[in-house]
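Sequence lines, in order, name chains V and C.
Under our numbering, the first residue of the first sequence is numbered 134, with each subsequent residue one higher.
Under our numbering, the first residue of the second sequence is numbered 134, with each subsequent residue one higher.
If you are wondering where the hints come from, they were derived from the structure by calculation, not from laboratory data.
Please note: incorrect hints may appear among the correct ones.
Since the list gives no way to pick one copy over another, a pair counts as held whenever it fits inside one copy or between any two copies.
[What the hints assert, rightly or not] 30 Å max Cα-Cα, derived DSS-like pairs, lysine-lysine:
| hint | residue 1 | residue 2 |
| --- | --- | --- |
| 1 | 252 | 204 |
| 2 | 204 | 340 |
| 3 | 330 | 252 |
| 4 | 321 | 252 |
| 5 | 340 | 207 |
| 6 | 330 | 340 |
| 7 | 213 | 340 |
| 8 | 204 | 330 |
| 9 | 252 | 340 |
| 10 | 156 | 252 |
| 11 | 213 | 321 |
So the chains spell out like this:
Protein chains: 2
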Amino acid sequence: MFGNPEFDLYEAIYTTRAMRRLKPDPVSPQLIVKVIEAATMGPSGGNRQPWKFIVVRDRETKAFVAERYLKAWKMYFTGKARAIAENDPQSPQGRILRSANYLAEHIADVPVMIFCCVKRYTDPWRAGQPMLNAIFPAIQNLCLAARGYGLGTSITGLHMRFGAEINERLGVPPEYDNVALIPMGYPKGRWDRPARKPALEATFWEKWGNSIATIPEE
Amino acid sequence: MFGNPEFDLYEAIYTTRAMRRLKPDPVSPQLIVKVIEAATMGPSGGNRQPWKFIVVRDRETKAFVAERYLKAWKMYFTGKARAIAENDPQSPQGRILRSANYLAEHIADVPVMIFCCVKRYTDPWRAGQPMLNAIFPAIQNLCLAARGYGLGTSITGLHMRFGAEINERLGVPPEYDNVALIPMGYPKGRWDRPARKPALEATFWEKWGNSIATIPEE
Chain V
134 MFGNPEFDLY
144 EAIYTTRAMR
154 RLKPDPVSPQ
164 LIVKVIEAAT
174 MGPSGGNRQP
184 WKFIVVRDRE
194 TKAFVAERYL
204 KAWKMYFTGK
214 ARAIAENDPQ
224 SPQGRILRSA
234 NYLAEHIADV
244 PVMIFCCVKR
254 YTDPWRAGQP
264 MLNAIFPAIQ
274 NLCLAARGYG
284 LGTSITGLHM
294 RFGAEINERL
304 GVPPEYDNVA
314 LIPMGYPKGR
324 WDRPARKPAL
334 EATFWEKWGN
344 SIATIPEE
Chain C
134 MFGNPEFDLY
144 EAIYTTRAMR
154 RLKPDPVSPQ
164 LIVKVIEAAT
174 MGPSGGNRQP
184 WKFIVVRDRE
194 TKAFVAERYL
204 KAWKMYFTGK
214 ARAIAENDPQ
224 SPQGRILRSA
234 NYLAEHIADV
244 PVMIFCCVKR
254 YTDPWRAGQP
264 MLNAIFPAIQ
274 NLCLAARGYG
284 LGTSITGLHM
294 RFGAEINERL
304 GVPPEYDNVA
314 LIPMGYPKGR
324 WDRPARKPAL
334 EATFWEKWGN
344 SIATIPEE
């Protein structure tokens, strides 16, 4: 459909976990544009399409970003976070932290980085706020479409710690925010359902706090 | 897969446009929970799962929200916006505005409202910011999963104009932001690909401004 292979929607939704260990194998520009096209199908108030996607495959640019990304990661990966990763490496938190640490140490070698940039509101009541409600649904489309092609992604914002330097290097103009960096490539690990609480625990009925243990037949 | 019907991923991505004209037919609680479960499969940094979904089907609560939603819409739908809808009703902007106007005038009658609430960051460098990067990918999963069941959705934030009153009515605690209202139901209109510019126009290669007219074979 739409020039894409067939892939089950729910399989994509239920198995698109963050894939942070990526093979260095290149990704074709055709596939890169297909996943960006899927992103642009995301909802966009007033059809503003306030997004731009910068695809980086150049080795030097990736190294420039990687240096700053790793620095930002090291600022975060200290104290308690590091202790969990080292003392409880197989716990759910330990596994996430080790995988994030792997990404930070190897991000220069991912085949593709996609930087997701978005405009800011100009309405008086929310002026200056980036249109995150437009870019993040688009990003989810991108990650799901990539999944259908067997491409792994994760969504990070750590590069924003050194956003000024990275935006200067990439030439991002001041009226855009560079809110997400998506490393993309063929994954080393296997697709899996993310560990989530039962949906009923995240659901309230009519009013906050009203939860139910089982779904009524209706 | 995962207790869901089969549905093509790319068909979902390419045809999940905002469906603002909804039939009053009820939606089963089973389906409501399935689409919320799909939402919770969205990415969540550190697996925080910082979201709660309030499902509103009660007529009085819907009427309370609808009154405020329509008031917020009328504050927006004046001057230039109204002129476009009236003078150029078949233009792309005119169609969006008329459909949004329809929703505002009929929102009390949608079968289900889903309010999407999310926690705020506590890290010093972004303290107080709602975790929009977690809730909006989840919301996109919700809308796509709904599409697979033939359920139409749209994403609105207009209720936030009267967020304090609505949050008090729903009992949303102060540590959560109620960032999106999703009216959901069986659509009156037909599914369609949203009008978007070609993906290549939203894509830059290596650096801002570097666009290409055709994709190289590689």
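Could you tell me which of the numbered hints above are not met by this structure, giving the numbers in increasing order? 4, 7, 8, 10
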